[in-house]
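Novice: For the sequence shown, full-length UniProt numbering gives the first residue as 1, with consecutive numbering after it.
Incorrect hints may appear among the rest.
Claimed, not checked - Below 25 Å or equal to it, Euclidean Cα-Cα: the simulated BS3-like pairs (lysine-lysine) are:
id : residue 1 : residue 2
1  : K76       : K311
2  : K100      : K57
3  : K198      : K231
4  : K148      : K203
5  : K359      : K149
6  : K311      : K57
7  : K250      : K57
8  : K84       : K148
9  : K203      : K233
Everything labelled a hint here was simulated from the structure, so no lab data went into it.
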Amino acid sequence: MTVPVPRESIAPLSTRRRHVLTGLAATAAGASLGFPALAQSRTVRIGTTFDNSSVEKANGQGLHQGSSAFFHALNKAGGINGTKIELVMADDQFKPDLAKANALAFEKDSSVLALVHPLGTRQTSEVMDAVPGMAVVGPITGTISLRKKTSPNTFWVRVNYDQEIDKLVSTAAVLGQSRIGLVHSNDPLGQSVLAAFKASLAKARLEPAVIATTPNTTSMEVGPAAEAIAKAKPQVVLIGLAGTAPAFMKALRDAGGNSSAYGLSITASALSAMGDLARGLGFVVVVPSPFSTKFEIVRRYQADMLANGTKEFSLTSLEGYMNAAVLAEGMRRAGGSLTRASVMAGMASIENFDLGGVKISYGRTNREGGQFVDVAVIGSRGQMLS
Numbered sequence: 001m002t003v004p005v006p007r008e009s010i011a012p013l014s015t016r017r018r019h020v021l022t023g024l025a026a027t028a029a030g031a032s033l034g035f036p037a038l039a040q041s042r043t044v045r046i047g048t049t050f051d052n053s054s055v056e057k058a059n060g061q062g063l064h065q066g067s068s069a070f071f072h073a074l075n076k077a078g079g080i081n082g083t084k085i086e087l088v089m090a091d092d093q094f095k096p097d098l099a100k101a102n103a104l105a106f107e108k109d110s111s112v113l114a115l116v117h118p119l120g121t122r123q124t125s126e127v128m129d130a131v132p133g134m135a136v137v138g139p140i141t142g143t144i145s146l147r148k149k150t151s152p153n154t155f156w157v158r159v160n161y162d163q164e165i166d167k168l169v170s171t172a173a174v175l176g177q178s179r180i181g182l183v184h185s186n187d188p189l190g191q192s193v194l195a196a197f198k199a200s201l202a203k204a205r206l207e208p209a210v211i212a213t214t215p216n217t218t219s220m221e222v223g224p225a226a227e228a229i230a231k232a233k234p235q236v237v238l239i240g241l242a243g244t245a246p247a248f249m250k251a252l253r254d255a256g257g258n259s260s261a262y263g264l265s266i267t268a269s270a271l272s273a274m275g276d277l278a279r280g281l282g283f284v285v286v287v288p289s290p291f292s293t294k295f296e297i298v299r300r301y302q303a304d305m306l307a308n309g310t311k312e313f314s315l316t317s318l319e320g321y322m323n324a325a326v327l328a329e330g331m332r333r334a335g336g337s338l339t340r341a342s343v344m345a346g347m348a349s350i351e352n353f354d355l356g357g358v359k360i361s362y363g364r365t366n367r368e369g370g371q372f373v374d375v376a377v378i379g380s381r382g383q384m385l386s
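Take these sequences, add in the hints, and give me the full structure.
Specialist: Quick look at the structure:
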């Protein structure tokens, strides 16, 4: 999620390299992904609903920055077969009912062909059910229960929480940490994380050192959970929290807890708010490092972000960019007539697609397209190490 890493932690771009990146921006999304640069014939719209004013505002804005940068570059390169793409945003304030209302409003607009990266577990649940005839690409949640629903319109790009927890537990095991605790919210998101945690520990033949809960995803009532974790003294605590993670970490340290901490991908959104508390924190990343140029998709992302006027790179904006790129590939495969049905069919036809170093594969029945998962650490100077 959004990780505003200090600029000094990023190696400065040389004048030549910055010129190359900026030059790439005009054609990166188009030429590199195989979209022909033809004359504009019409404009279609892509809808996106996310929190732009509440607790997950940083995540929502980061996603929008990334997807906006992608579509801006794509349009500059000629669009898809001459069709330009307009990204339309609606603020749901991180409220499920507003997310549903926004999705239904998009459905009524015949120019809106698909939706991209809805943010949040309950929000995604409402959106994917509200618009069964529209593709919903790249929801920002790893909740397993949503993936088990029969929802052929929903195309997942990020891995699920089972895979995230497995990665963290295996990382702890490699480091010799066997006493592992968990803090999670007492809601659908948290229950998914808890189930994944118990399953991962069972595979590793371990028992939970401690499990503590907060009332819900947005509750700042984190003190009791922090005290329970501090008292149990696990070697490491897995943090299944997002925006409330900074408050929990502060409460944990204030309570005398000195356990190592590993966060899910959703925890990374709150790293900047943690300040010095984030140093040494490990967390799951579901996209490559946005500061690395090892992956072609990251090089294109950096170029397009700079060309779109955004100099700060983040995990969240890279995820938004990748989600937009996957949707655009589905639209390209839809053929000459872009309709809601053809876009869904185009998405389903994506198999073994190389998104610049990250493979995406769906098919007739599979909707979990991405498999990228890794662990990063915040270094002593606040930089992201992966």
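Novice: Which of the stated hints cannot be reconciled with the structure, identified by number in ascending sequence?
Specialist: 8
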